[in-house]
Amino acid sequence: MKALLVVLALLMAPAFASEAAKPLTETMVKNVILNWYSITNEHRPVAELLSLATDDIEFVYPDTAGNQRGHAALRAWYEDALAKYFDETHAIENWQEIKITGNQAKVKLIVRWERREWNPGDARSRYLANLAWQTYDLVRDPDTGRIAVSVKSVGKFTPTAPIHDVSR
Numbered sequence: 002m003k004a005l006l007v008v009l010a011l012l013m014a015p016a017f018a019s020e021a022a023k024p025l026t027e028t029m030v031k032n033v034i035l036n037w038y039s040i041t042n043e044h045r046p047v048a049e050l051l052s053l054a055t056d057d058i059e060f061v062y063p064d065t066a067g068n069q070r071g072h073a074a075l076r077a078w079y080e081d082a083l084a085k086y087f088d089e090t091h092a093i094e095n096w097q098e099i100k101i102t103g104n105q106a107k108v109k110l111i112v113r114w115e116r117r118e119w120n121p122g123d124a125r126s127r128y129l130a131n132l133a134w135q136t137y138d139l140v141r142d143p144d145t146g147r148i149a150v151s152v153k154s155v156g157k158f159t160p161t162a163p164i165h166d167v168s169r
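To convert, count from 1 in the sequence shown and add 1; that's our numbering.
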């Protein structure tokens, strides 16, 4: 049985190695970012979000005090966001720039973020819509091929008219 497992591992190793050796593409980069938004829109488990982040991810949001770093900080931020925001929609309005250099990518985009927000003690939630200027830095592990977010920065928010299911 051990011999069979060793043979299977050896047969599969070239597939993983060849996948990791493929050039980083715009499609790969976009898929990571779209997956990030899918996770947050659907309020999926924090482990899924962490799987898209490097261990030392740095992130900046206008509603946090300074730069945050690491999985523990991302977990705390996400759990707080899940408690406050719901009926979320992140929709990319504009992929402003995708610059790929080797195993790294820098992405600038504008995201429409619509959500209901509830502050503890308020009688009702409120529906908000903003455009958010965001930047992502992604890195690809040359050994495994895994692409992860190393930096996420949300710049300015600009209020905008909601377009996604306002009647909810």
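If you are wondering where the hints come from, they were derived from the structure by calculation, not from laboratory data.
These numbers were taken from a predicted model, which means no experiment stands behind them.
Do not take every clue at face value.
As the list claims (entries may be wrong) - Taking lysine-lysine and the DSBU-like style, the derived pairs with C-alpha atoms no more than 35 Å apart in a straight line are:
{"no.": "1", "residue 1": "Lys85", "residue 2": "Lys157"}
{"no.": "2", "residue 1": "Lys85", "residue 2": "Lys107"}
{"no.": "3", "residue 1": "Lys85", "residue 2": "Lys100"}
{"no.": "4", "residue 1": "Lys31", "residue 2": "Lys85"}
{"no.": "5", "residue 1": "Lys100", "residue 2": "Lys23"}
{"no.": "6", "residue 1": "Lys85", "residue 2": "Lys23"}
{"no.": "7", "residue 1": "Lys157", "residue 2": "Lys109"}
Structure-based check of each hint:
| no. | hint | result |
| --- | --- | --- |
| 1 | Lys85 / Lys157 | 20 Å, holds |
| 2 | Lys85 / Lys107 | 29 Å, holds |
| 3 | Lys85 / Lys100 | 34 Å, holds |
| 4 | Lys31 / Lys85 | 27 Å, holds |
| 5 | Lys100 / Lys23 | 17 Å, holds |
| 6 | Lys85 / Lys23 | 40 Å, violated |
| 7 | Lys157 / Lys109 | 13 Å, holds |
Going down the numbered hints, you'll see the structure goes against just number 6.
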